[in-house]
Structures are given as C-alpha cells and as structure tokens.
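Chemist: Each chain, letter by letter, is given below.
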Amino acid sequence: MTGQTVVQLTDLAFGYERDRPVLAQINMSVRAGQIVALMGGSGCGKTTVLRLIGGVVRATAGEVRVFGDDVAAMDQAELYRMRERLGMLFQFGALFTDLTVFDNVAFPLRERTNLGERMIRDLVLMKLQAVGLRGASQLMPHQLSGGMSRRVALARGIALDPQLMLFDEPFTGLDPISLATIGTLVRELNDALGASSIIVTHDVQESLNIVDYLYFIAAGRVVAQGTPDEVRASEEPFVRQFVRGEVEGVVPFHQPANDYRSDLLAADR
Amino acid sequence: MATEPQTAIEPKADRPGVLGTLRAALEHLGGWVLRVLIRLGYIGRFAVAVVRFSGPSFARFGLVMREIYFAGVLSLVIISVSGLFVGMVLGLQGYDTLVRYGSANALGTLVALSLLRELGPVVAALLFASRAGSAITAEIGLMKATEQLAAMEMMAVEPIARVVAPRFWGGVISMPLLAAIFSAVGIFGGYVVGVLIVGLDSGSFWSQMQSAVDLRDDLLNGVIKSFVFGVAVTLIAVFEGYDAAPTAEGVSGATTRTVVTSALVILALDVVMTALMFRGI
Ligand SMILES: Nc1ncnc2c1ncn2[C@@H]1O[C@H](COP(=O)(O)OP(=O)(O)O)[C@@H](O)[C@H]1O
Ligand SMILES: [Mg+2]
Numbered sequence: 001m002t003g004q005t006v007v008q009l010t011d012l013a014f015g016y017e018r019d020r021p022v023l024a025q026i027n028m029s030v031r032a033g034q035i036v037a038l039m040g041g042s043g044c045g046k047t048t049v050l051r052l053i054g055g056v057v058r059a060t061a062g063e064v065r066v067f068g069d070d071v072a073a074m075d076q077a078e079l080y081r082m083r084e085r086l087g088m089l090f091q092f093g094a095l096f097t098d099l100t101v102f103d104n105v106a107f108p109l110r111e112r113t114n115l116g117e118r119m120i121r122d123l124v125l126m127k128l129q130a131v132g133l134r135g136a137s138q139l140m141p142h143q144l145s146g147g148m149s150r151r152v153a154l155a156r157g158i159a160l161d162p163q164l165m166l167f168d169e170p171f172t173g174l175d176p177i178s179l180a181t182i183g184t185l186v187r188e189l190n191d192a193l194g195a196s197s198i199i200v201t202h203d204v205q206e207s208l209n210i211v212d213y214l215y216f217i218a219a220g221r222v223v224a225q226g227t228p229d230e231v232r233a234s235e236e237p238f239v240r241q242f243v244r245g246e247v248e249g250v251v252p253f254h255q256p257a258n259d260y261r262s263d264l265l266a267a268d269r
Numbered sequence: 001m002a003t004e005p006q007t008a009i010e011p012k013a014d015r016p017g018v019l020g021t022l023r024a025a026l027e028h029l030g031g032w033v034l035r036v037l038i039r040l041g042y043i044g045r046f047a048v049a050v051v052r053f054s055g056p057s058f059a060r061f062g063l064v065m066r067e068i069y070f071a072g073v074l075s076l077v078i079i080s081v082s083g084l085f086v087g088m089v090l091g092l093q094g095y096d097t098l099v100r101y102g103s104a105n106a107l108g109t110l111v112a113l114s115l116l117r118e119l120g121p122v123v124a125a126l127l128f129a130s131r132a133g134s135a136i137t138a139e140i141g142l143m144k145a146t147e148q149l150a151a152m153e154m155m156a157v158e159p160i161a162r163v164v165a166p167r168f169w170g171g172v173i174s175m176p177l178l179a180a181i182f183s184a185v186g187i188f189g190g191y192v193v194g195v196l197i198v199g200l201d202s203g204s205f206w207s208q209m210q211s212a213v214d215l216r217d218d219l220l221n222g223v224i225k226s227f228v229f230g231v232a233v234t235l236i237a238v239f240e241g242y243d244a245a246p247t248a249e250g251v252s253g254a255t256t257r258t259v260v261t262s263a264l265v266i267l268a269l270d271v272v273m274t275a276l277m278f279r280g281i
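Order-wise, the sequence lines are chains Y and B. Per the numbering used here, residue 1 is the first one in the first sequence, and the count goes up by one each step. Per the numbering used here, residue 1 is the first one in the second sequence, and the count goes up by one each step.
Quick caveat, the hints were computed from the structure, so don't treat them as lab data. Keep in mind the model is a prediction, meaning the values are calculated, not measured. Glycine is no exception: its CB is placed at the ideal position from the N, C-alpha and C atoms. A hint or two may mislead.
[What the hints assert, rightly or not] Here are some, though not all, of the chain B residues that point toward chain Y, as calculated from beta-carbon distances under 8 Å:
1) T21
2) E27
3) H28
4) A151
5) V157
[Said to hold, decoys possible] A short list of chain B residues far from chain Y (calculated; beta carbon distances all over 10 Å):
6) L40
7) Y69
8) G72
9) T109
10) S114
11) L142
12) M143
13) M154
14) M155
15) A156
16) W206
17) T261
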C-alpha cells in the first residue's frame, strides 16, 4: 500500500480571480495503490484541486507533481502525455450525448491509440463488462439512469488503463444501491488496475468504507486528515461536524456579509 | 414617513456639466469600441486555432461527412422550398414589370441573374444561419455546459480538433452547395410561373437566360459569395458555441447571437462584395 508517491501537492495556492483566492495552502500526497478522499463544503475548491492536478489550470504558488513531474513545467504535448495516464470522472458523467454507450467507451481508444476496430471492440466490451453494462452498449446516454451514466463514464475513464483516477463527486444524486455499487466498483477497479484514486465527495460514510486516507479542506487549507479509523475516532470539531452533518459549528452557515441590520436599513433608503 | 428629518440622506451629486456629459459619452463609446475590438481579436485567434487543428478533419473525413449531413443534408428541405417560393415570386413580379416595356421574354434572364448574383447566396446563407448555424452553436454550447468538452480535454483530446473543426468544414462545404441548389430550384420556380402559368415561350425563356448569364461574372461571383458567407456563418456559429457561458441562459443567448450576428455580417459582406464585383456594370 505504501508505494511511490503518485501525486504531491506542496503549499499549493490558486484563485480564478486575483483578489479572490480559492486555495490558500494545500499539502497532500497520494501514493501508488491508495484511494484518497477529498472532502469539504460546496464551493471550497475540491473540483479546482482536480483541475490543478490535470493541468487544466495552473497554480499561482506552490507545486503540483504528478507521476513525479512538475505540471507547471509541462508544455502542451507533455501535458497530453501525462493526461493519457489519467482517468477523470466528471460530476455528472459528461458522456458524449451524440455517441452510443459503446462509442463513448471506445472514444479514448479511437482518439489516442492506433488499435484496430476488432481490438477496440474487445476492450470496450471488457470495460463495459467490468461495470456490468455490456448489455447497454447500444443505448444512447439519454436512455440511461444517473447511476448507469456514472458507470459508463467510469468504463470510459478506465479505457486506457490509467494509473491515476480522479473522481468528482461520483456519489452525488444516486440512490443508496447505485451509490454502494459505484463505491465498490471504484475500489475494485483501483485495485485491479493497480492505480491510485482521488475521490472528491461529500459522502463521509461511503468513503470511510472504501478509502485509505481522507483530507478535509476548508477556507483553502487542509484542516484535518487521517485514515478512516482516525477520522471515526477524531474529536476535532471540524471533522465531527462534517461526519455528523451538523448545520452550525466551526463551519459557518452564513457567507461573510455586511452587517444584517445596516443591509436591511439600506434597502429602505 | 414624509415628516422625518432628511439629515441622514447625502446631498445629491452635482449635476454634470456639458463637458462631463460629453466625456461620459466618449468613455462609453470608447469602451464599446474596445470591447468589440477585443472580441474580434478573440475570434481571429479562434479562427487560427480552428485552421491549425484541422488535420484530423481531413485525415478522418468521416468526421466532416457527419457534419455535412447535419448542416447540409438536413437543410435541404427548407432551402429547396424557400428557393421555389422566391423563384416564383421573382417570376410574378418580374413579369409584371417587364411586360410594361414589352420585354417579358427577358424574364428568364431576370430570374437567373437575381438568383445567381444575389438572392441565392444571401437568402440561402440567412436560412443556413438560422437552421444549421443555431444548431451548431446550441450543440457545442451544451457540450461545454455539460462538461463534455472538459472531459475531452482531460482525455488528452483537443476539443477544437475533434468537435469544432469538423463542424466548421462541414458548414463551409455545405453552404455553396446549398446556395447552388437554392438558385437552381428558384430558376425552376421562375420557369413554372413564367412558362407554365403565364405562358411565355419556353425556348426564349431558356435561350435568353443562357446567353445573358456569364460563367465568370455571374456564376463564379455567386459561388465566391456563398463560400465567403459559409465561412462567416459557420465561424460565428462554432465560436459562439465554444464561447458560450456554460449555463442554460448562456447557451440560449449564444444561439440568438449566432442568428443575429450572422444576418448582419451576411448583409454587410454582401454590400462589400457586390461593390467589388459588379461596380463596372
Ligand atoms: N471557472 C471559474 N471561474 C471563476 N470562479 C470559479 C470557476 N470555477 C469555480 N470557481 C469558484 O471557485 C470556487 C471553488 O469552486 P470548485 O472548485 O468548483 O468548488 P467545489 O468543487 O469544492 O464545490 C467557487 O467559489 C467557485 O465559485
Ligand atoms: Mg465541485
């Protein structure tokens, strides 16, 4: 379980706009074979961390190393070579709506390899079999349920046998059965591929079951981290609030704003 | 309420003088010009990227064929029907005017020249913008809004090469063909009115047309126009889709902009090209 480091974020800072930093200082690492959960409230920058790892956006300070290489130093071609070893699952699957399930899974194989159609056919059916949807290969994305879409996207994400999988909220909006199915699949596929995974999620209970390590982000920093056992036993206020889902606690319910009374009075003017 | 003392309220700002108003107007105008220029520069860079990433479109021509089907083949019905109507109206109006000067036999010439030089390229392009251009914008915009383009990028596939360039070339290839079909059907419409309904001599209808229409001056210039319109409309359509804000309003706004901008650009380009091509006549 403790192999070489696959992802290393060091003092990472980032903001989409200059005066509004999203991430202030993030330190985390993922080692080969690990599944790491990234947790935090909505809008705290979890997706942004995944985009930084994929090199879609560049850090304003600090360093992102993926497979040992500094992402900021890569040119376009190197970036694309790095992404070939990366599988990303978007929040709602992001399946190509004009392609069948089969063609969606075949897409990365057709675009990024020189394999023949027979070989591609075999590989696609294997990947679909792995997520239990070989029977749906000729359906269009709009004919799938949310859970099925997520599984097709998973099959597409593993089409090129990635060494690192990034999952953006794979459990959101799923019924408990689909949710457990995806959770189990993520663990099984990660171990079968010998890959590492980062899961962005709000679902504490499901992730405590399947992941090896958890990071909690708030206000642009890692505020807590640990193995599932450590998290369950943790007495830290933030972790307890998050694990139990309480509204008020160290994480404020309100966005920072002007004084409530003067805001209301200003409206009367 | 009315009796409350007004001390808390700040005094109104001084009324701006004439100079102030002028300055504000100039600043407004300058800001607008700057925004337009920035956007034009952005479109220009986008166009360069589309051409630069066009390799796969031609290496795998199936990608473009598919877009020719969606942009071109699916526009055939509206193009043909409109062409027929426009040609018939030209026949009716043209006959009504020409017969006063005793030159009703020139009807074929009038219909053919109007269609080949102007109405074919222009009306076909306007229809193409609202039928195919809006669909291209909406499709690309929705692919962006549902993160399909981002997913592609994360799979190390360039969306401009895989999504934008094939649609661009599909539109550029379709547009001149659609304009030609529009003109051909329109001439047939003129024939239906002039010969079949009004009863002009079929032989003189065609022979006058044949001797008056010049291959280079009329036919080729019309083809050039429709090609230029095709480039303009399709570029606007793919750009607006790619540039759309990734939300429902963003996509609907971009679709509207495609149709409106295309119409204005088509008509403006038509003035310029007509002035350059036909001023000697
Ligand atoms: N493309 C963008 N441009 C500007 N701001 C953005 C963009 N994407 C996200 N943000 C902002 O960055 C913050 C973090 O976003 P995100 O990483 O998507 O949060 P999370 O995934 O944790 O919900 C949010 O406040 C969001 O409004
Ligand atoms: Mg997110």
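Chemist: Verify that the Cβ of T109(B) lies farther than 10 Å from every Cβ atom of chain Y, and report whether the claim holds or is violated.
Modeler: holds (46 Å)
Chemist: Please check whether the beta-carbon of M143(B) is more than 10 Å away from every beta-carbon in chain Y.
Modeler: M143(B) not clear of chain Y: closest Cβ-Cβ about 7 Å, inside 10 Å.
Chemist: Find the nearest Cβ of chain Y to the Cβ of L142(B) and say whether that gap is larger than 10 Å.
Modeler: violated (8 Å)
Chemist: Please verify that the nearest CB of chain Y lies beyond 10 Å from W206(B)'s CB.
Modeler: holds (45 Å)
Chemist: Minimum Cβ separation between S114(B) and chain Y greater than 10 Å?
Modeler: Non-interface label stands for S114(B): nearest chain Y Cβ at 39 Å, farther than 10 Å.
Chemist: Are all beta-carbon distances from M154(B) to chain Y longer than 10 Å?
Modeler: violated (4 Å)
Chemist: For the restraint on H28(B), tell me whether the closest CB of chain Y is nearer than 8 Å.
Modeler: At 25 Å from the nearest chain Y Cβ, H28(B) fails the 8 Å test, so the hint is violated.
Chemist: Against chain Y, with CB atoms and a cut of 8 Å, does the hint on T21(B) hold up?
Modeler: violated (26 Å)
Chemist: Using the nearest Cβ pair, does V157(B) come within less than 8 Å of chain Y?
Modeler: holds (5 Å)
Chemist: Say whether it holds or is violated: L40(B) keeps its Cβ farther than 10 Å from all Cβ of chain Y.
Modeler: Given that every Cβ of chain Y is farther than 10 Å from that of L40(B), nearest at about 25 Å, it holds.
Chemist: A151(B) was flagged as interface toward chain Y. Is the shortest Cβ-Cβ separation under 8 Å?
Modeler: holds (4 Å)
Chemist: Mind verifying the non-interface call on A156(B)? Its CB should be farther than 10 Å from each CB in chain Y.
Modeler: violated (4 Å)
Hint violations for this structure: numbers 1, 2, 3, 11, 12, 13, 14 and 15, all remaining hints satisfied.
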